[in-house]
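These protein sequence lines are chains L and W, in that order. Each residue of the first sequence is one higher than the one before, starting from 4 at the first, in our numbering. Each residue of the second sequence is one higher than the one before, starting from 418 at the first, in our numbering.
Think of the hints as simulated: they come from the structure by calculation, not from any bench.
Partial list, derived from the structure: chain L residues whose beta carbon lies under 10 Å from chain W:
(1) G6
(2) V7
(3) F48
(4) L58
(5) L94
Even for Gly, the Cβ is constructed at its ideal location relative to N, Cα and C.
This is what each chain is made of:
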Amino acid sequence: DTGVSQNPRHKITKRGQNVTFRCDPISEHNRLYWYRQTLGQGPEFLTYFQNEAQLEKSRLLSDRFSAERPKGSFSTLEIQRTEQGDSAMYLCASSFPGAGIEQYFGPGTRLTVT
Amino acid sequence: ILNVEQSPQSLHVQEGDSTNFTCSFPSSNFYALHWYRWETAKSPEALFVMTLNGDEKKKGRISATLNTKEGYSYLYIKGSQPEDSATYLCAPNTGNQFYFGTGTSLTVIP
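The following block holds chain W by itself, in its conformation from the complex:
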């Protein structure tokens, strides 16, 4: 079992603020790192998949970076909007299994 840590556990920001979260994981046996957004009463939605050290991915106002050597990934949200309110999960994949962190719960206050 992989120990995956996400911080902070929860976050409240004002609309328009930029924010970032951290996902830490053991750097050995690593194949890919996945980020998901999970809104209440909906299915978890895939945001990014990253495999290479130094990978950077961007989707609109959300971007992510990956450092496989030190075992961490950052997720950034620029100009947070109320619709960004959700739990953000990261999940390293060791080949067949996904190991999810406990998530960062983001609340964007209008």
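Extracted from the complex, chain L is given alone in its bound form:
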């Protein structure tokens, strides 16, 4: 296993279009996190899964955002009706459960909404 992978690495879309990103975590990890990072800010928590269950969602996550992890392996993050404010780096991370456990990050998907 080579680590966490994300696809695509870059996505340019027009405002109003839907986009979907994929994250493949490290196979033994049952926790999977999604973050959003904008210029000058640190990664901002969006949601996380333990296996296939979505356990927590940030209140910052509007109803245009949805995430799934149907079989407890890969996850998808969909943004409907994209807005220019959605332009950001979307990061995925995976880990074993526990607060003192390291997260392993993917390279991110850079979204640009024109």
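Got chain L; can you put chain W on it based on the hints?
Only chain W this time, still in chain L's reference frame:
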């Protein structure tokens, strides 16, 4: 939402200089403090995880300390090298969620 502050925001040092950064966070609801290094065009890389007050961790020329009672952590880099140039992020963890600071951007000038 946890308010996490990192200082300085950016730093330029000469190769060979030693440097340190600060991460401040609310000391309540604390489980662990994580440090990451994020180089441009790469994934954030975990450096340290600390959980106990007074914890000290070291990896090569980089070390970190933790004070949970007053809510801060220091990251030290001894003898900075150009390859240390990156953004250093801290992230307290309250159990399930990680709250990242805005990071300290370090540039080491050869």
